[in-house]
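Work out the full structure, taking the sequences as your base and the hints as a guide.
Residue numbers for the sequence shown follow the numbering used here, beginning at 11 and rising by one.
None of these hints come from the bench; they were simulated from the model. No experiment lies behind these values; they were computed from the predicted model shown. Mixed in with the good hints there might be a few duds.
What the hints assert, rightly or not - Straight line, CA to CA, 20 Å or less: simulated SDA-like cross-link-like pairs of lysine to any residue:
1) Lys58 with Ala138
2) Lys164 with Leu41
3) Lys19 with Gln153
4) Lys19 with Cys243
5) Lys19 with Gly201
6) Lys19 with Ser185
7) Lys12 with Pro241
8) Lys196 with Ala62
9) Lys164 with Thr49
10) Lys30 with Ser191
11) Lys164 with Lys58
12) Lys87 with Glu124
13) Lys117 with Glu83
14) Lys12 with Arg249
15) Lys58 with Leu150
16) Lys19 with Ser191
17) Lys58 with Gly201
18) Lys19 with Cys217
19) Lys164 with Val176
20) Lys19 with Lys164
21) Lys12 with Pro233
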Amino acid sequence: MKASPLEQKELLRLQAADIKVVQLTHQTTALPEIAVLKTLGTSLDATKMTLAARSGERDDVRTELRRIESDVEVVEKRIQRDTERAQATSSVKDVQAFELELTALRKRLLDLEEIEIAVMERLEEHDASVATVETERDALLAQITETEGLRNDKLVDVHRQLGELVRDRETVAASIPPELSALYEKRRITGHGNAAALLRARTCSGCTMTLTGSDLADVRQAPVDEVVFCPDCGAILVRTEESGI
Numbered sequence: 011m012k013a014s015p016l017e018q019k020e021l022l023r024l025q026a027a028d029i030k031v032v033q034l035t036h037q038t039t040a041l042p043e044i045a046v047l048k049t050l051g052t053s054l055d056a057t058k059m060t061l062a063a064r065s066g067e068r069d070d071v072r073t074e075l076r077r078i079e080s081d082v083e084v085v086e087k088r089i090q091r092d093t094e095r096a097q098a099t100s101s102v103k104d105v106q107a108f109e110l111e112l113t114a115l116r117k118r119l120l121d122l123e124e125i126e127i128a129v130m131e132r133l134e135e136h137d138a139s140v141a142t143v144e145t146e147r148d149a150l151l152a153q154i155t156e157t158e159g160l161r162n163d164k165l166v167d168v169h170r171q172l173g174e175l176v177r178d179r180e181t182v183a184a185s186i187p188p189e190l191s192a193l194y195e196k197r198r199i200t201g202h203g204n205a206a207a208l209l210r211a212r213t214c215s216g217c218t219m220t221l222t223g224s225d226l227a228d229v230r231q232a233p234v235d236e237v238v239f240c241p242d243c244g245a246i247l248v249r250t251e252e253s254g255i
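Structure (structure tokens):
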């Protein structure tokens with residue numbers, strides 16, 4: 011294929027643009043904030059699990075406290091009822107019976123109140139434990155929000171650069187003859203992105219292999235408007251005054 015030296019040099023600009031596009035595209039998935047968010051997300055999941063477990067334990071204690079409070083209320087009502095009955099009766103035998111029952115009820119009430127205090131203390135401990143985990147969760151959520159903001163700002167900038175670069179690439183591509191452009195695109199696919207390379211000091215900048223022997227002789231003998239290829243990586247070799255041939 012024939013192409014002027016100037017047209018071939020344009021391939022280097024196209025290649026540089028394509029490399030930059032790949033690099034910027036990679037950045038969209040390799041920003042440090044993305045890794046940080048993954049770590050924070052793992053920590054948040056673990057914290058939520060801990061919070062759920064501790065909240066469940068606290069709820070169990072709350073249920074226990076409600077049951078004890080209900081028992082206390084029942085005993086208090088019975089004490090009030092028996093006290094009123096003892097005061098209302100004139101029977102000594104009934105009064106004695108009520109007093110025996112009231113003594114037992116008061117002891118039961120005292121025992122329940124001691125249990126109630128112990129359970130309330132346990133509830134305070136569980137409340138504090140839950141509050142600690144909630145603080146950790148809120149701190150993680152704040153970090154995630156801040157990191158997401160940083161990530162989004164960087165993504166906006168990267169996408170802006172990509173947009174500008176794609177427009178510049180289209181301009182360069184439009185200046186290259188269709189046949190040469192098609193060859194470049196074909197080489198870009200087969201070469202996994204390496205389509206055109208500068209030959210500098212007899213070395214291909216695409217694969218860093220130095221031309222010697224018959225390969226170097228073939229390139230030397232090729233007309234300047236002849237499209238030549240690197241014998242190692244297959245990239246279009248662009249010859250300039252730096253080629254050393």
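Structure-based check of each hint:
1. Lys58 with Ala138: 16 Å, holds
2. Lys164 with Leu41: Within the cut-off at roughly 8 Å; holds.
3. Lys19 with Gln153: The given pair, whose Cα atoms are some 48 Å apart, is violated under the 20 Å limit.
4. Lys19 with Cys243: Holds, because 18 Å separates the two Cα atoms, which is no more than 20 Å.
5. Lys19 with Gly201: 19 Å, holds
6. Lys19 with Ser185: Holds, because 11 Å separates the two Cα atoms, which is no more than 20 Å.
7. Lys12 with Pro241: At roughly 18 Å apart (the allowed maximum being 20 Å), Pro241 and Lys12 satisfy the hint.
8. Lys196 with Ala62: 57 Å, violated
9. Lys164 with Thr49: Measuring from Cα to Cα gives roughly 19 Å; hence the hint holds.
10. Lys30 with Ser191: 18 Å, holds
11. Lys164 with Lys58: 29 Å, violated
12. Lys87 with Glu124: 18 Å, holds
13. Lys117 with Glu83: Holds, because 14 Å separates the two Cα atoms, which is no more than 20 Å.
14. Lys12 with Arg249: Holds, at roughly 14 Å.
15. Lys58 with Leu150: 11 Å, holds
16. Lys19 with Ser191: At roughly 12 Å apart (the allowed maximum being 20 Å), Ser191 and Lys19 satisfy the hint.
17. Lys58 with Gly201: 48 Å, violated
18. Lys19 with Cys217: At roughly 18 Å apart (the allowed maximum being 20 Å), Cys217 and Lys19 satisfy the hint.
19. Lys164 with Val176: With Cα atoms ~18 Å apart, Lys164 and Val176 stay inside 20 Å; holds.
20. Lys19 with Lys164: Roughly 33 Å separates the two Cα atoms, so the pair is violated.
21. Lys12 with Pro233: Holds. Lys12 to Pro233 sits at ~9 Å (cutoff 20 Å).
In this structure, the earlier hints numbered 3, 8, 11, 17, 20 are contradicted, and the remaining ones agree with it.
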